[in-house]
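Engineer: Each residue of the sequence shown is one higher than the last, beginning at 1 in the UniProt record's numbering.
Check each hint, because a few of them may be wrong.
What the hints assert, rightly or not - Cut-off 25 Å, straight-line C-alpha distance, at most; resulting in silico cross-link-like pairs (BS3-like, lysine-lysine):
no., residue 1, residue 2
1, K43, K97
2, K3, K82
3, K16, K82
4, K49, K3
5, K3, K43
6, K13, K49
7, K20, K3
8, K13, K43
9, K49, K82
10, K16, K49
11, K49, K97
12, K20, K49
13, K16, K43
14, K13, K82
15, K82, K43
16, K3, K13
17, K82, K20
18, K3, K16
19, K43, K20
Everything labelled a hint here was simulated from the structure, so no lab data went into it.
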Amino acid sequence: MGKFTYFTTESYKLPKYGFKIHVSATIESYEEVFGLATNFLSKQEVFYKYLSTREDFIENISKTAAPAESGKLFTIYPENIKATERILEDLSEILVKFDGVIS
């Protein structure tokens, strides 16, 4: 399956359990969703991973990918429920015009 790139900051402490947020895109919206999400997430105190290349993304959304793993361009690991709600609200506004792979 696809290779991921991981991002965190020194001050962020990954919780032992909690929530995760997935961001998906279509092939047509990949570049714009990737740019907007990366721009937003790089300014946050949060741990996240993303599929490293467009090719990894295309493989991930293909019919050969396992359904449980498919369609996740970004996976975000907020540190608590308050951060989860804030990130969801902000990303919803930023990505409102885009469909995911399942919409």
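Engineer: So which of the earlier hints does this model not fit?
Structural biologist: 2
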